[in-house]
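Student: Single-letter residue listing:
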Amino acid sequence: MTALLRTDGITKAYGGVQALNGATIALEEGTVAGLIGPNGSGKTTLFNVITGYQRPDAGEVWFGDREITSLSPDKVFAAGIGRTFQLTRIFARLTVLENMLIAAQAKDKPKNVLSWFGKDAWTHHRRHAMELLKFVGIERHADVLAGSLSYGQRKLLELAYVLVADPAVILLDEPAGGVNPTLINHLADRIRQLNTEQGTTFLLVEHNMEFVMGLCSTITVLESGAAVVSGPPDIVRTDKRVLDAYLGVDLEEDPR
Amino acid sequence: MSESPTVSKSPTSHRAATDLTPALKGGGLLALLAIAIAFPQVFTNPAVTNYGVLALIFVTAATAWNIFSGNSGYISLGQAVFYGSGAYTMGIAARDWHLEGTTVFALLPLCAAVGAVIAVPFGLIALRVRRHTFIVITIAVFFIFQLMAFNLASITGGTSGLDSPFLSWPAASYNTPFYYIAFAFAAGAIAIAWLVRRSRFGLQLRAIRDDEDRARGLGVKAMRVKLSAFMISGAITAGIGAVWFYYLNQVQPQTGFDPIFDLTLVLMAFLGGYGSISGPVLGALIIEPLTLWLNTQPQFSGGALAEILLGAIFLIVVLFMPRGIIPTSGEFITKIRMRGRAAIIPATTMGTAAGAPSTPSVTSGGAR
Amino acid sequence: MTQEILRAIIVGILVGGVYALMAVGLTLIFGVLDIINIAQGVLVILGAYLSYALSTKAHIDLFVGLLITIPAMFALGVVIHWAFIRRLRGTERTAMTLLVTYAVALIIEGILYKIYGADNLALSASYTATSVHVFSFYLPWIYIDGFILAIGLVAVIYALLYRTKFGRSVRATMQDETAARLVGIDVNRVAALTFGIGVAVTAAGGMVYGATNAFNTNSGYDLISRLLAIIILGGMGSVGGALVSSVFMITVESVVTIWYPDWAIVVFYAALVVVLIARPTGFFGRKEVRAQ
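Protein chains in written order, with the working numbering: chain A, 2 to 257; chain B, 117 to 484; chain C, 58 to 349.
Worth flagging that the hints you see were computed from the coordinates, not collected in a lab. Zero decoy hints are in this set.
Computed list of lysine to aspartate or glutamate pairs in DMTMM-like fashion (alpha-carbon distance at most 20 Å, straight line): (1) A:Lys135 x A:Asp167; (2) A:Lys241 x A:Glu211; (3) B:Lys337 x A:Glu99; (4) B:Lys337 x A:Asp75.
These numbers were taken from a predicted model, which means no experiment stands behind them.
Sequences and hints are given; from them, build the entire structure.
Tutor: As structure tokens, this is what we get:
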């Protein structure tokens, strides 16, 4: 079964630091997959390359049967790959609803110049946006300036954002980072729901092991810019290479 | 579905900026409108209506500035490029086509169009760079235009500038038609500002202001959007510059392209509330009459004290009312109203990520 | 003709060096505080007036007077930063700092106007009118002296930046303010001192400017526009860039003046525009993110 999204030998360096070194991963359709690895293993860089925010020095990114390596972020987004950011990048001085509307207008080509100024274009989008805000649970803050949301709420807003375009694949960059436990569960529920009901494929980068192990059906481990292991949580958890990657010692010499 | 976390409802920081202030603004604007229309009928003294004409000219210019800079976040210090170009266009066209009297007013659309046309290459160059560089480019282009006005003497009249065509209106009521024309421009500019604000176009501009790269990533055609706003701003400014030229009957390079003009617009917008629609209006209505009045006082004329005072006003506004008078007074009023209410519990603090990221959970297999 | 061109180039380099000194101050302020100090032009003029006052009232030699004016301007810079700039934060910081520095410029200009009026002045000393015979033309000594002074001070600043602990803090803050804070650098102190240094150089620049040009209270506008164009071209925040770009721009202008005296300054700005089309970050600028 060909993977829905895959990378092939991605290499990327910046000024002496080899961030990615032949990273090859595959994401099967309909899965909730996790991408883990120690700090500096290249996870966010890989996301940036996939979503077009950065160009790789070598390697390719494939989405279905289409190569998307050199597409710009808005084209990647239009192709059906959505992505959230580790440091939430929301439009702080727009309201929550306005933030959603900006995400919505990407998919919508105005018919003529006048519709640019008209309000009707918005009604359908407004409804859709409110539905999504309700889905993630922050609909009552729709008219609040996004900049005043708490960190956890911003994460939810980012998720709602991504959902506006109804993407086939969603890349989540540390969705559980810095978020309180209630919210983490809420997030996990939403992801499961989207995956089951809409068949959305997910790839998460995370440090929170509990979150990842509990949610993902497949986990890929990145170390020093390359994938070292990939498989279901139980296998990955006990794989020696993974322990080496995180611990950095040879277990045989230092059994605990 | 699990309950969503609460967020503090403290209105001073969390309400959208328009929340409390519409009542304040709506009423104020209506009153201003009525006063504005009646003004020249009530105060027929030309010395007084002069204040009105110039104030409205600046209301227009400040609003035009805000349409672009307030929404996009790109601070333009080059509006004088359009203002002076509009003035000179009218002067040159009237001279070369031998127009005079009221027919000259028919040139206004041309002058506005010239402003829009200039905005295209200007914008294409200037809008590709980041914010600080943008400001400097607008200054550079401004100086280029001022110098061209000085140097291309055969077209622009050089240092002596241009005189406007003859207008045979009686002195007593000379100002009145100018007043209403300026008023029409001001009202039109405000209407455009309002339309832009509530439109999809305006939303895209404001998203660009907050995070341009993210906006691009979401499909906003940033250059197109910025350039359009720049052109609108340029057209309006050029148009009102032409009106100003005809009103004062002359233009020279240093008056048509005056660096203080640009900074005054910024101050006006900030005084009233940067980014809002009524902000520049209020700012212009306060500062322009004040400046004019100061220049008539003997101890202030000749420049020095006026400059010092202007500088001091700048400092006070920026340091103590950084969001401008209207938002600050809106917040002030809200604070007074909120005094009786109970304190609201602030938003739940974010917890640290549950589960340490590294080793133990992997080996112990515990975290299920 | 070639003699004229040669002279223009030499004068351009010499004068460019002096502009470099003032531009370096401006670009340092930008690099560390992320603000455009519009008052820099007027501060140069203030430096010129201070030198004027010292030389005419107290009969202190122009160069010797710098021992007073440089520390005085440094102190002024620190005070301005402490009083007005330090507390500017928030989303509209760019516009606000623009207004504040412009306000300071207006106030200083107003005060100078009150004291000195609109008359043109020039600094003079026994050596400002003498020249040295080079090739077939004459080069006023003051240009050479000023150049040596400027280069000397730029070298001092370089040494400060690259050989002292303070300099390292400055460079770290320029790179990444948050990271600098994290490693314990007192960013506020660095900012205040940098602003002070940026203003202090205007004392020297002002003296040379005043000795080579007639000036009055309005001269600041022309100066600041040139300085801004220079630092943009050189790359904002780049000290080396400011040096290269000053010498380059002033030399080009100097040469163009031979044939088109009226248009030379337009060439100056046009060069800026042309370079920015090709390379939006200037000669040595860093590629910056567009979001504020």
